Amino acid sequence: MKMLLVHCDYFSYLTTQRTKVAEEIASGCKSCAIKDALVIFVTAEKYDAENPSKVVGKGIEEIISKAKQLGVKNLVIFPFVHLSEQVSDSDVAMGIMEELHERLRSLGYSVDKAPFGWEKVFSLTSKGHPLAESSRTIRP
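Residue numbers for the sequence shown follow this note's numbering, so the first one is 7 and each next one is one higher.
Simulated from the structure, these hints should not be mistaken for lab results. The structure presented is a predicted model; accordingly, all values stated were derived computationally and were not measured. Just so you know, even glycine gets a beta-carbon here, dropped at the ideal spot from N, CA and C. Some hints here could point you the wrong way.
Once the Cα atoms are required to be at most 20 Å apart in a straight line, the calculated SDA-like pairs of lysine to any residue come out as [to be verified]:
(1) Lys64 x Arg109
(2) Lys26 x Arg109
(3) Lys133 x Tyr16
(4) Lys36 x Glu108
With beta-carbon atoms standing in for the labels, derived distance ranges [as the list claims (entries may be wrong)]:
(5) Arg24 x Lys60: 15 to 21 Å
(6) Lys79 x Ser141: 19 to 25 Å
(7) Ser132 x Leu20: 25 to 31 Å
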């Protein structure tokens, strides 16, 4: 799994078009606007299929570490296939995104998950400090 983490003053997205692998979503989940958040762009990779729960666990450790370092409680999980050329199949990726979302919520974070498999318009304003952007590669 690859992650790009961005500490944002503001982040928003709006779904525009479903793809052939799009998950079903309720009308209230088609957009999001949030202030002071850690946005996590996530790409599930083919290696993740070996042990998705282990990858999620390691990913959560990294996300929590960064959130604590920044003092952030608002998180956005944003499926983003463009961080790797070795992407997983859509079922594995959807499962990883959902598990990240649920486990982080169970730990007391306010978590939004952008819909998987949808084209989205998004806008962000990065905080612009030395720790505002970072990337992580997670292997099973």
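Each hint tested on the structure:
1. Lys64 x Arg109: Given pair Lys64, Arg109 holds - Cα atoms ~12 Å apart, limit 20 Å.
2. Lys26 x Arg109: violated (27 Å)
3. Lys133 x Tyr16: holds (9 Å)
4. Lys36 x Glu108: It holds: about 18 Å lies between the C-alpha atoms, which stays within 20 Å.
5. Arg24 x Lys60: 15 to 21 Å: Taking Cβ atoms as reference, Arg24 and Lys60 lie about 30 Å apart, which means the hint is violated.
6. Lys79 x Ser141: 19 to 25 Å: Taking Cβ atoms as reference, Lys79 and Ser141 lie about 22 Å apart, which means the hint holds.
7. Ser132 x Leu20: 25 to 31 Å: violated (19 Å)
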